[in-house]
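Here's the letter readout for the chains.
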Amino acid sequence: MTRYTLITVLLVLASFVVQQFLPALTALHHSRVLLVQLVFLCAAVTVGQPTMLLLAFVCGFLWDAQCTLGVHGGDPEIYNQPVESLRFGYSILLFGAMGFLMQGIQPLFKQGKWYFSALLSGIAILLYLAAEYLIITFARGGFTFAKATALQMAYTSLLTMLFSPLIFWMLFGIASICAHSINPEAAKKRRRHF
Amino acid sequence: MKPLNLIAILLFVSGAVWALTRSERTVREIQCSYFSAIAPFLKSGSQTEAYARSFLDEVQHSKVLDAELATVNREMGRLRIVESRYRELERENARLCHALDFKTASTFNVATAQVIRRQPTTWWQTVEIDVGEERGIGTQLAVLSNEGLVGIVDRPAKDRSSVILLTDEACQVSAKVEDSPEVGILSGQRGQFEGTPLLRLKFLSKNATLRSGQRVFTTGRGGIFQANILLGTIVSVEKGAEDSEALVRPAVNFADLGTVFVVLAKDPPKK
Numbered sequence: 003m004t005r006y007t008l009i010t011v012l013l014v015l016a017s018f019v020v021q022q023f024l025p026a027l028t029a030l031h032h033s034r035v036l037l038v039q040l041v042f043l044c045a046a047v048t049v050g051q052p053t054m055l056l057l058a059f060v061c062g063f064l065w066d067a068q069c070t071l072g073v074h075g076g077d078p079e080i081y082n083q084p085v086e087s088l089r090f091g092y093s094i095l096l097f098g099a100m101g102f103l104m105q106g107i108q109p110l111f112k113q114g115k116w117y118f119s120a121l122l123s124g125i126a127i128l129l130y131l132a133a134e135y136l137i138i139t140f141a142r143g144g145f146t147f148a149k150a151t152a153l154q155m156a157y158t159s160l161l162t163m164l165f166s167p168l169i170f171w172m173l174f175g176i177a178s179i180c181a182h183s184i185n186p187e188a189a190k191k192r193r194r195h196f
Numbered sequence: 002m003k004p005l006n007l008i009a010i011l012l013f014v015s016g017a018v019w020a021l022t023r024s025e026r027t028v029r030e031i032q033c034s035y036f037s038a039i040a041p042f043l044k045s046g047s048q049t050e051a052y053a054r055s056f057l058d059e060v061q062h063s064k065v066l067d068a069e070l071a072t073v074n075r076e077m078g079r080l081r082i083v084e085s086r087y088r089e090l091e092r093e094n095a096r097l098c099h100a101l102d103f104k105t106a107s108t109f110n111v112a113t114a115q116v117i118r119r120q121p122t123t124w125w126q127t128v129e130i131d132v133g134e135e136r137g138i139g140t141q142l143a144v145l146s147n148e149g150l151v152g153i154v155d156r157p158a159k160d161r162s163s164v165i166l167l168t169d170e171a172c173q174v175s176a177k178v179e180d181s182p183e184v185g186i187l188s189g190q191r192g193q194f195e196g197t198p199l200l201r202l203k204f205l206s207k208n209a210t211l212r213s214g215q216r217v218f219t220t221g222r223g224g225i226f227q228a229n230i231l232l233g234t235i236v237s238v239e240k241g242a243e244d245s246e247a248l249v250r251p252a253v254n255f256a257d258l259g260t261v262f263v264v265l266a267k268d269p270p271k272k
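In order, the protein sequence lines correspond to chains R and G. Per our numbering, the very first residue in the first sequence carries number 3; after that it's consecutive. Per our numbering, the very first residue in the second sequence carries number 2; after that it's consecutive.
Keep in mind that the hints are not guaranteed to be accurate.
Here chain G is said to cover these stretches of chain R; the calculated rule only asks that three of the stretch's residues, wherever they fall, bring their Cβ under 8 Å from a Cβ of chain G [unchecked claim]:
1. 10-22
2. 58-64
3. 68-76
4. 96-109
5. 144-158
6. 165-174
Cut-off 20 Å, straight-line C-alpha distance, at most; resulting in silico cross-link-like pairs (EDC-like, lysine to aspartate or glutamate) [stated by the list, open to error]:
7. G:Lys203 with R:Asp77
8. G:Lys203 with R:Glu86
9. G:Lys203 with R:Glu79
10. G:Lys159 with G:Asp67
If you're looking for bench data, these hints aren't it; they were derived computationally from the structure. Yeah, the Cβ is synthetic: ideal placement off N, Cα and C, and Gly gets one too.
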């Protein structure tokens, strides 16, 4: 269990490095694979609540360290309506919320129905992006929601979701190396069957 | 609820509150530590990317390269003539300025940089360039291309820096319209990623008489950008109840950013 948790944290850290080299697909409305979010969501359903919260904190903290923009600066007399930047740390709460969403269907995952979790990971990413966009809008004002933005969110969620079986396959592999069962009920069923 | 879960939630919430209450300076320090930690991976990754790109370039057909070389040679000849003409004008200008006892027009002291990659953020439009604090790059320095203003340095590291592009909503520039008394604040628009994103020039006068094609330049006010840097051209004007806004097509092709120039802080902009 401890070994599995540790390797999961390392996997999340590795996803941050790989994410740096994943480009946006201009042909698909600048959508991209959100690997960090995907690894977190897939891992969140395989661990207990305390570990999920630890992963959410690590992911949110590092994601904001990677993405937060500085203040614009300049003479306040000229730039008297500065564009609000988002508070560092807001992603921690978003990751936490997504993690709780994933844990909601943990009973199904434990029964071996991992594909429900894969599907939910796509929905969770869509909700994550929508929430992030709404936070930006709330902080900066002036609600605009272009069709291109909606398509960008939809394609990003879909693209990311397509990679979830691969991440689950990796997590199952890691669990098996660590001699840890991440879906014990399915394992019991299998044993009974044999 | 299990006591362990309750403790975990309390710790999580305290951690989130701690992060949310960090000052701007602490956040910058955290970001600096984060990027220093992943710098070796970024460096090796960028090198691999560069090798792959140069390999693909090499396998281009030689005839294509010959044709390109011929075009480049022709263009170089033409630019030499243009350059000699500019040198002549520059000398003439210097003579006239001296004669009129004008203050010598300050020139930009720039550092040349290459755009390494677009950053993996969902909503912000940022790029990373291959120069950093080692070359005197600091925050809030203007970044130009030979077409016009590209953006502003957001986070310099040792040997690379992050640049917020002009097409991002967070990059605001004090701008003026040529042949007109109109001045305003130019910035990108939220969620605009498609094709050539248009910029929005806000806070123009209510009855601004602007026409399509007029060029927009920096005013030099505001303490960040130097004056008379080309930003773009007016596309259309939207009149409001209190002021007018104009849509501006950027001068720079942001889809094809290669070499850029960071204006070093030697030449202070007007306050």
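Evaluation of the provided hints:
no.: 1; hint: 10-22; verdict: holds (count 4)
no.: 2; hint: 58-64; verdict: holds (count 5)
no.: 3; hint: 68-76; verdict: holds (count 9)
no.: 4; hint: 96-109; verdict: violated (count 1)
no.: 5; hint: 144-158; verdict: holds (count 8)
no.: 6; hint: 165-174; verdict: violated (count 0)
no.: 7; hint: G:Lys203 with R:Asp77; verdict: holds (17 Å)
no.: 8; hint: G:Lys203 with R:Glu86; verdict: holds (17 Å)
no.: 9; hint: G:Lys203 with R:Glu79; verdict: holds (15 Å)
no.: 10; hint: G:Lys159 with G:Asp67; verdict: violated (39 Å)
In summary, the structure is inconsistent with hints 4, 6 and 10 from the numbered list given earlier, while agreeing with the others.
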